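Going down the list, the protein sequences come from chains A and B.
The first sequence begins at 1 in the working numbering and counts up one residue at a time.
The second sequence begins at 206 in the working numbering and counts up one residue at a time.
Accuracy of the hints is not assured; some may be wrong.
Label pairs and their in silico Cβ distance ranges [said to hold, decoys possible]: (1) A/VAL31 with B/GLY286: 27 to 37 Å; (2) B/SER332 with A/GLY53: 29 to 39 Å; (3) A/GLY49 with B/ASN248: 26 to 36 Å.
Capping the alpha-carbon separation at 30 Å, the derived lysine-lysine pairs in DSS-like fashion look like this [said to hold, decoys possible]: (4) A/LYS74 with B/LYS241; (5) A/LYS51 with B/LYS403; (6) A/LYS95 with B/LYS241; (7) A/LYS74 with B/LYS403; (8) A/LYS51 with A/LYS95; (9) B/LYS241 with B/LYS403.
Read the hints as simulated data drawn from the structure, not as lab findings.
As the structure is a computational prediction, the values presented were derived from the model and not from experiment.
Glycine residues also receive a C-beta, built at the ideal position from the N, C-alpha and C atoms.
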Amino acid sequence: MKNTKAILFLIFSLCPTFALGYNLNPQDWKVGAHLLALHIDDIQVDDQGTKNGIDPDLFLSLEANWQLEFVHEKLSWNPSFGLGLPHSGRDEDIKRWQYFINSPLRYSWLPELQTHFGPGLFMTRLSSDGGTAELENGTNPSTSFFLPQEGSTSMNLIWSVGGRWEFRPNFSVGTDLIFFNLTESISRTLSASLSFHYSFGEDEK
Amino acid sequence: MKSSYLFLSFFSLIFALELKAFTFNNSVAAAFEEEKVTIRVSNETCVNAGVSNAELEDLLRQAVDQYWNKAPTSSLYMDIGAPIDTEPEFRTDSPCQGTSGCEPNPDLIVDSGIVVVCNENSSIFSSPQILGVSLTNNIQGRRLVGSLILINDRSDSRFGERDRDDQVAVLAHEIGHAIGLGHSPVRDSLMFFSTIPKRRSLGQDDIDGISFLYPDSFSSSACGTLALNPQTPRGPSKRTQQSPLLLLVGLSLVLIWNTKTKFWPLVKNE
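So here's chain B without its partners, still in its complex pose:
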């Protein structure tokens, strides 16, 4: 796994640049192959973040349903799964190792889906302003296999001071990183690199980003006249989509077949 594929995301107060586009947090635009991705909360209890595990699950559920699952042009669906047992290192260690960039810590690799853990590591949470950290730490080729979300659980964590809407937005932002998105320079986007006064739904950049990685596809395998067009940019992805041109071809084939065979009993060719 190349370190250049990896990236850590933080929250802090900074300002927009001129660029206006969604970005990815890895160079290959890796994405989960599954159209349903499960988020699981570690059984490690949060101490200082101000939320119980049950509350964290509830916040995450709202985060996916209020934000990412509402993206109308994306096929990705996320839900909250059963809690997962994690090693103590998930609570104490940094997800990165090495002196330059971020080589993923092999002890914190996520085998599948997204795992959320409260973490008290001082190097990764060097400031109480950093509320959460995400790392896509298991990428195979262009396939995203597992991601880790860490919640600041240090004694000076300010996660618990936020109101519920902000906590939901923070978690939704980290989930955005966990599914492969980078930051956006646009303030109205959830993936903007700072909190904003009122965050209530996805911005257009967010919808574009998740739709690029997880495009909705209209499956028509029930009809032999419509061919499926495997989506090439995603490599081995199971996700497929059709070209509208193929739809027209399908319609044309039906038309030709109909006129040749006079299948329709009421057809009266002129």
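With the rest of the complex left out, here is chain A:
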């Protein structure tokens, strides 16, 4: 299964790199802000069984655009890198870095309207300085538990599908549905994002 996922990812992400040979310079750069709701309705948030629902985190992204004219004039490759903010949540002792690399192919239906689909990698890095915590433990009023030392990075293959609408020149809004573990029936989760982008160049649509 892992190899299947790898092959699928490579087909989608490495093949477009050949497009770079067509033109090394991307036709456009974009910066974006994403409200990304991870793992919708999969995480318990209180002692009454309530789930997290849509609880978005802020991500900032940088995106490039290469037209794949040698394949189809309306097709483009739009790799992006995004970084989640802030780097720590309610756990003051745990540092959390979340970032993603996406590699979608985008099709322009209209000059202002595009849809995209493709794979990506979503990384979650957790780290802490170690030490111990005194916590209650059954009949023992206080037991030393160990906090994580060093760091650990989890890397998930994700698949995203979404659309973009350029509502005015250089400004666009987008939505995405993002699937974690798409091929795993038990651990599959759905995430969603609403994003705003500013374009530094003029798209060759």
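Here the structure of chain A is known, so what remains is to put chain B in place on it, guided by the hints.
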């Protein structure tokens, strides 16, 4: 095996402290090397816990599928294996010996995976409120080899009084200990050290904890352009993960190779 690596976990009613983080139950953050860990129920029959062995297996199956196997950023997968024959001591003896801390009882060492047994030892189940006990009793270096989960089977056990959802949550909590996690001070976490009114899924602390010990890794051995980065914190672990930087390096190498060789027939370098 150092006693400081070991730890017993109980259920009782206590309250949160200020700290908010997942913890481990051993100082080396030991974890199973295998990405698939099998849980097996002892053939010793439960007498007072109110569940048959078949029912216990069913509860455990739900516990792993409703909780730990759903963690989206963890590679660990647990399933329920065939029942296992255990010595009578697993039913009667304490998993600990010694007067301070918990030196594992050598008669109750688990050779591999997780073993679940009903137990009637009065020293370990000193209160009917204690529903289950877990012990990571076979740690080699940073590798967790075997863990033991004991279900309170004393005559005053209250395990059977719980409804099914609670029983599943109790077992899921003990499984959390069995895979290396300690308690969490956050009430919405499964690893909170007390039962809560409604437990239905993992909390963020639980997901962080299992993801730290068993991070999901995107294996790309099918592609020569992507190098694998052995995960250093886990020592000899078989689990590997890649740095996204290496992905970028791989993409760059393809780009350079492509532009140098003009492999792509339609390439028109400007």
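Right, here's what the structure says about each hint:
no.	hint	result
1	A/VAL31 with B/GLY286: 27 to 37 Å	51 Å, violated
2	B/SER332 with A/GLY53: 29 to 39 Å	37 Å, holds
3	A/GLY49 with B/ASN248: 26 to 36 Å	35 Å, holds
4	A/LYS74 with B/LYS241	45 Å, violated
5	A/LYS51 with B/LYS403	11 Å, holds
6	A/LYS95 with B/LYS241	28 Å, holds
7	A/LYS74 with B/LYS403	51 Å, violated
8	A/LYS51 with A/LYS95	23 Å, holds
9	B/LYS241 with B/LYS403	29 Å, holds
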